[in-house]
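All chains, please: the whole structure from these sequences, using the hints.
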Amino acid sequence: MIDAEKEESVAKILLWAVSLISVSSLFAIFTYIFLRGSKVINLEFLMTAPNPIFWAGGIFPQIVGSLYLVALCTAVATPLGISAAIFLSEYARNNFITKTTRFFILTLAGIPTIVIGLFGLTFLVYRLDFRVSLFSAGIALSFLTLPWTITVSEESMRAVPMEYREAALALGATKWQTTWHVVFKAAAPGIITGILLGIGKALGETTIPLMCGGSGLETFLPRSLFEPVGGLPVYTFIFATQGNVSSAVDRAFGGSLVLTLMFLVLSASALVVRNRYQKKLRK
Amino acid sequence: MKREGHRSVLEKAIEIMLFLGAASSIVIVFLIVIFMMLEAYPALNPDFLLGWTWDPKKEMFGIFQTGVSTIYVGAGAIILATVIGVPTAVFLSDFCRYNVRNIIKPSIELLVGIPTIVLGFFGLMVVVPFIRNSFGGWGFSVLAGWIVLAIMSLPHIISISEDALRAVPSSYREAALALGATKWQTVKKVLLPHAKTGITASILLAFGRVMGETMAITMVIGNPRVSWIPASIFDRAKVLTSTILLDWSYVEIPSLHYHSLFGIGVILFLIVALVDVIAVYIIKEGMWKRITEVASWWKRR
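Note that the protein sequences, when read in sequence, are chains A and B. Using the working numbering, read the first sequence as starting at 1 and increasing by one per residue. Using the working numbering, read the second sequence as starting at 1 and increasing by one per residue.
Think of the hints as simulated: they come from the structure by calculation, not from any bench. Treat the numbers as computed from the prediction; the structure is a model and nothing was measured. Honestly, I wouldn't trust all of these hints.
Below, a list of computed lysine-lysine pairs in the DSS-like style, where the Cα atoms sit at most 27 Å apart [unchecked claim]:
no.	chain 1	residue 1	chain 2	residue 2
1	A	Lys12	B	Lys189
2	A	Lys99	B	Lys196
3	B	Lys12	A	Lys99
4	A	Lys6	B	Lys183
5	B	Lys183	A	Lys12
6	A	Lys280	B	Lys105
Covered stretches of chain A (in silico footprint by chain B; criterion: 3 or more residues with CB under 8 Å from a CB of chain B, positions within the stretch not fixed) [to be verified]:
no.	stretch
7	3-14
8	22-31
9	106-112
10	248-261
Even for Gly, the Cβ is constructed at its ideal location relative to N, Cα and C.
Structure follows, in structure tokens:
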């Protein structure tokens with residue numbers, strides 16, 4: 001009995017210590033990025049274009065470029081993803097075709113980003129001749145977020161209680177009317193969470209825009225879909241690894257702080273939507 | 001009656017549209033796989049898989065050493081993340097006060113999928129100089145890779161393992177405690193065995209992510225020009241993903257070098273897909289049961 005008590009207290013202390021290490025190391029990163037980055041960020045940094053020669057200037061085209069990329073990626077992935085999710089949760093029978101589809105979605109979710117980048121570079125950029133551009137990078141990014149959108153949306157539609165569907169069908173609604181007006185509306189918050197998480201993934205992705213989208217140092221905004229675009233992650237990567245001046249490193253801190261804040265806002269809103277939704281379902 | 005017919009045609013059309021949406025991911029995966037295979041085909045031979053050295057200047061494109069380094073770096077990072085992450089999950093689910101957990105758990109969930117460039121940059125600015133100053137050498141090292149990748153997969157492992165632990169019915173906890181078990185004994189004998197599948201799956205999924213991670217690892221791993229198997233954890237290394245990232249900008253098209261980069265892409269794809277599929281089958285439990293059955297059969301012999 002004494003041994004058990006001893007073990008208990010040792011285990012408690014160890015668990016405390018390990019948790020302290022993991023939680024504090026995660027938060028230390030943010031404090032560090034925040035402290036170094038907040039020194040650089042001011043209105044001028046946010047509103048001007050970068051200067052590739054002097055490693056000076058700001059990140060305005062990169063912020064807007066990231067938003068463009070994310071917007072294009074979401075515009076492609078959302079309709080495809082939601083229709084796939086509706087099909088899988090409401091229409092699909094449990095047969096070979098459905099199982100194959102699920103298997104491929106799982107595979108797509110696991111493809112490393114560098115492979116998608118390589119594919120985008122040679123297929124979209126060279127073979128189909130879309131060039132290193134906003135379009136190529138946006139399409140390649142949508143391959144990354146599509147499986148996320150599908151999986152999360154499907155799960156939230158499956159979570160809608162069967163009674164909702166039965167009630168609608170009993171009132172004479174068709175299958176599609178039931179799906180659209182009842183199931184989809186009830187699952188909307190979950191689907192929005194899925195889309196927001198997908199946007200967060202696309203926003204922080206570096207490899208794909210680096211290979212298909214542009215150098216990250218663009219001083220202009222793309223005027224058409226087929227012009228190169230620089231995103232914040234690529235900018236951070238270039239300034240962090242290739243500028244050997246301290247002002248370049250400072251700007252990389254500024255870039256990563258802005259990127260981190262954008263990401264945290266997205267993922268916080270995704271969490272808030274999800275929690276509200278779960279509470280509502282429990283009622 | 002006519003309207004009914006009209007309606008059912010519309011319904012059918014919608015169903016087909018939805019199916020096409022679902023089929024899009026099949027098309028994308030097929031496109032990627034076929035295209036990668038075609039481009040990689042000239043390079044896929046024993047010299048590529050078992051070739052010792054990767055040295056573009058000498059026209060040598062073997063990935064054996066790079067592959068071993070990749071597994072070395074990935075496995076180390078996952079072990080580190082598991083050793084730190086699972087106890088944290090246990091602490092959050094059973095050993096801390098409810099309101100503390102309610103603050104820490106969501107903030108960890110916020111960090112799932114944090115841009116890897118930020119982690120790589122942190123590694124470059126903090127972890128690498130720290131290793132250089134305290135252990136000597138380059139600083140760019142396997143150890144730096146382990147730390148950065150472990151930090152990357154920590155939120156994922158903590159969050160899913162905690163979910164798995166909390167999914168254990170509370171009657172199990174109560175029963176164990178009522179029998180006089182201490183909290184730790186309950187965790188060790190009841191909760192962890194019960195949540196085993198969920199935790200293992202989360203670790204495997206994180207392992208797949210870690211093997212396929214490019215940006216963070218490229219910034220801290222050192223990337224010697226010629227591949228080698230790192231002699232110690234303070235040695236630099238070259239991994240599969242960083243090889244593609246660093247070589248694609250100057251590769252000639254077409255050349256054996258170019259085809260070999262696609263070969264690496266195919267290998268990465270296969271590794272990650274395999275790990276993911278195993279993880280999903282473990283989640284479905286069939287596989288896990290079969291493994292334990294086989295294991296116990298071996299023990300009985």
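Results for each hint:
{"no.": "1", "hint": "A:Lys12 with B:Lys189", "result": "16 Å, holds"}
{"no.": "2", "hint": "A:Lys99 with B:Lys196", "result": "26 Å, holds"}
{"no.": "3", "hint": "B:Lys12 with A:Lys99", "result": "21 Å, holds"}
{"no.": "4", "hint": "A:Lys6 with B:Lys183", "result": "12 Å, holds"}
{"no.": "5", "hint": "B:Lys183 with A:Lys12", "result": "9 Å, holds"}
{"no.": "6", "hint": "A:Lys280 with B:Lys105", "result": "21 Å, holds"}
{"no.": "7", "hint": "3-14", "result": "holds (count 7)"}
{"no.": "8", "hint": "22-31", "result": "holds (count 6)"}
{"no.": "9", "hint": "106-112", "result": "holds (count 7)"}
{"no.": "10", "hint": "248-261", "result": "holds (count 6)"}
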